[in-house]
Amino acid sequence: MLGKNQTFVNQTPLNQTSVFVKRKRTFTLVFLGTLALFLIAAAATNYDVIGGFESIPKAIGWLAKNFVPNAKAWSRLPDILTKLAETALVSVAVTVCAALGAFFFSLLSARTTKVNRWIGRGVRIIAAFLRNVPDIVWAILLMFSFGQNILTGFFALFFATLGMLTRTFIETIDEVSVACVEALQATGATYLQTVFQGVIPSSLPEIVSWVLYMIETNIRSSTLIGVLTATGVGAMFDLYYKRMDYSAASLVVISIVVLVIAIEIISNQIRKVIM
Amino acid sequence: MDMFLPPIRGTTPTVNKMADKMVNKTRRPAPMPILEFQNVSKIYNNTTTALTDVSFSVDEGEFVSIIGPSGSGKSTILRCVNRLVDATRGEIIFDGHDINRANKKELRQVRKKTGMIFQHYNLVDRLSVIENVLHGRLGHKHTLTGVVGYYTEKEKENAFQILAKLGLTEQAYKRCDELSGGQKQRVGIARSLMQEPRLILCDEPIASLDPSASKVIMDHLSVINKNMNLTCIFNLHQVDVALRYSKRIIGITLGKIVYDGPPDQLGKEKIHEIYQSSEGELITDVG
Chain P
6 MLGKNQTFVN QTPLNQTSVF VKRKRTFTLV FLGTLALFLI AAAATNYDVI GGFESIPKAI
66 GWLAKNFVPN AKAWSRLPDI LTKLAETALV SVAVTVCAAL GAFFFSLLSA RTTKVNRWIG
126 RGVRIIAAFL RNVPDIVWAI LLMFSFGQNI LTGFFALFFA TLGMLTRTFI ETIDEVSVAC
186 VEALQATGAT YLQTVFQGVI PSSLPEIVSW VLYMIETNIR SSTLIGVLTA TGVGAMFDLY
246 YKRMDYSAAS LVVISIVVLV IAIEIISNQI RKVIM
Chain D
163 MDMFLPPIRG TTPTVNKMAD KMVNKTRRPA PMPILEFQNV SKIYNNTTTA LTDVSFSVDE
223 GEFVSIIGPS GSGKSTILRC VNRLVDATRG EIIFDGHDIN RANKKELRQV RKKTGMIFQH
283 YNLVDRLSVI ENVLHGRLGH KHTLTGVVGY YTEKEKENAF QILAKLGLTE QAYKRCDELS
343 GGQKQRVGIA RSLMQEPRLI LCDEPIASLD PSASKVIMDH LSVINKNMNL TCIFNLHQVD
403 VALRYSKRII GITLGKIVYD GPPDQLGKEK IHEIYQSSEG ELITDVG
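Taken in sequence, the protein lines are chains P and D.
Numbering-wise (my numbering), the first sequence opens with residue 6 and increments by one.
Numbering-wise (my numbering), the second sequence opens with residue 163 and increments by one.
Take the hints with a grain of salt, since some may be wrong.
The calculated label-pair distances, taken between Cβ atoms and stated as ranges, are [to be verified]:
1. 275(P) / 335(D): 20 to 30 Å
2. 203(D) / 156(P): 51 to 61 Å
3. 229(P) / 231(D): 51 to 61 Å
4. 427(D) / 130(P): 55 to 65 Å
Source of the hints: derived by calculation from the structure; they are not laboratory data.
Being a predicted model, the structure only gives us computed values, none of them experimental.
For glycine and all other residues, C-beta sits at the position ideal for the given N, C-alpha and C.
So here's chain P without its partners, still in its complex pose (with noise of 0.2 Å):
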C-alpha cells in the first residue's frame, strides 16, 4: 500500500511538468500555422494587409450614407409592414403544421412509445436525411417542382423544421416520459391513454419551447428563402438592393431584426410563464 503510494506521489510532478510542456508546444505550433497559412493565403490572392484595415471607415462612412432610411424609404413602410406579417406567419404556419407531424413521427421513434423497432429507426433516417438537408438547399430544389411560389418557401422551411422537431421531440419524450410510460402501462392503459396522459403532459413545456424556437429561426430563415423564391419580405429586399435604394433596403433590415428580438423576447415570457 505504502510503496504504491510512494511512487504515485514521485510521478505526480514529472507527469504535470510534462503536461505543461505539451500544451505550450501544441500551442505554439497552432499559432505559427495559422500564422503561415495567413501569410501564404494573402500573398496568393494579393491582399493588402495595411489597405484593407484603411478601407473600413470609409465602407462605414458609405454606409452610415446609403444605408440610413430617408423620408422616401419611410413611406414604403406599410408596404414593408405587409410583406413582414406574410413572412412571419407563414413561418408560424409551418413551424405549427411540421410540430404536428414531428410528434407523431417522435411517437413511432421514441424508445419509450415505439410500436416497431424498424418503423423506428427508418422514422430516424428520414429525419436525419430532412434536417441535414439545409433550407436553402431545399428551396433550391422545390423551386423545379413549384417554381417561385410562397408554396416553395413553405415545403423548403416544413422540411427542415419536420426533421429537426422530429429528433428533438424523440429525445424530449425519451427524457421525459420513461417512467411515467412505464407506471401506467402497469395499470393497464392502452397506448393512447399512456401517450395522451402520460407522454403529452409530461413532455408539452419542452416540446412548446422548441416550436417556439423554430418560429424565431424560421422567420430568419424565410426571409432568405424569400429572396430565393421572390416572396415575402425577402423579396422585398432583393427588389430595393437591386434597384439600388439602400435605405429602403436597410429599412427592411431594421424590421426583420425588430421582429426578430420582439418574437423572441415573446417566446422567452412564454417560457418563463410554462415551464
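Once you've looked at the hints, dock chain D against the given chain P.
Just chain D now, with coordinates in the frame of chain P:
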C-alpha cells in the same frame, strides 16, 4: 373476457367498498394461491441470465419480501408478473391464468388487476395529485374516455376517499412536483389502489425515502395488506425492514432462490449467503 374475470369472493367489491375496507376488517377467506412461478427463467438479449428456474407460489393475502443483492433478478421477478418484462421460459400463473400466453386484451386484464409501486414513484409530475390517482382507473376504461381523461363522479369520490385515508387531502390539487418523496410515494399507492387490484407489486418502494417517510409507507402498505386482504410482494434492499414487516422472505442470489420461508428462521449466515458476503461486510452486521 368474462372467463378471465372470475368472481372475487362471491361479489366483486364496488368502488366505494374498496376504500372502506382500508379500515374495516373483512372476513378472511381460506388462502389459495394467487400467483405461481413454475420454473421461470429470463435471459436478456440471449446473453445475460437474470433468472434461472425460479419457482414459488404466493397465497392470497400474503405479505412477501424478496431480498437479494443488486442485479440478482428481484426487479425482473416483479416485472415478469405484469409482463413489463417477458419471461423467456416457464409458466407464471396469476389468478388461474398463464399470463405468458395472454394476448393483448388478456394482458390488459392482468395489468389492471396488479398494482405497481416504483422506487422513483413514476408519477406524471406536471399533473395534479388527483389526476395521477385517477390514472389508476385507465385500465378499466374505454380507450377514448381514458384519452380525454373523463372519470365518473363515483371514481372521483373514491379517489378522494383513498387520498383521505393516506393523509393527502390537502395535497389533492397540488402538482406532483411540489410534493415530498414520501407524499409522492403515497400518491403512487393511491394510484395502485384505484385499480382495485388483487395484487400489489412494490419495487423498492422505500429505497429513495428517509427513515420516517419509509416507516409511513411501510405502515400504510401493511395496513392495506391486513385490512383489505390484499396480496403484497416487495423488493427490498433493507433487510431489517423486510424482517420486521413481512411474514415470508424470499432470498435470491444470481437469479436463483436460495431461501423461502418465515423471517424468524432466516439466520445471519443465510443472509450472508444471500448477499454472498462474509461476516462483517454487511450494514446489518454493524451494531
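Comparing the hints with the structure gives:
no., hint, in the structure
1, 275(P) / 335(D): 20 to 30 Å, "24 Å, holds"
2, 203(D) / 156(P): 51 to 61 Å, "59 Å, holds"
3, 229(P) / 231(D): 51 to 61 Å, "60 Å, holds"
4, 427(D) / 130(P): 55 to 65 Å, "58 Å, holds"
Violated hints for the displayed structure: none, as all numbered hints are satisfied.
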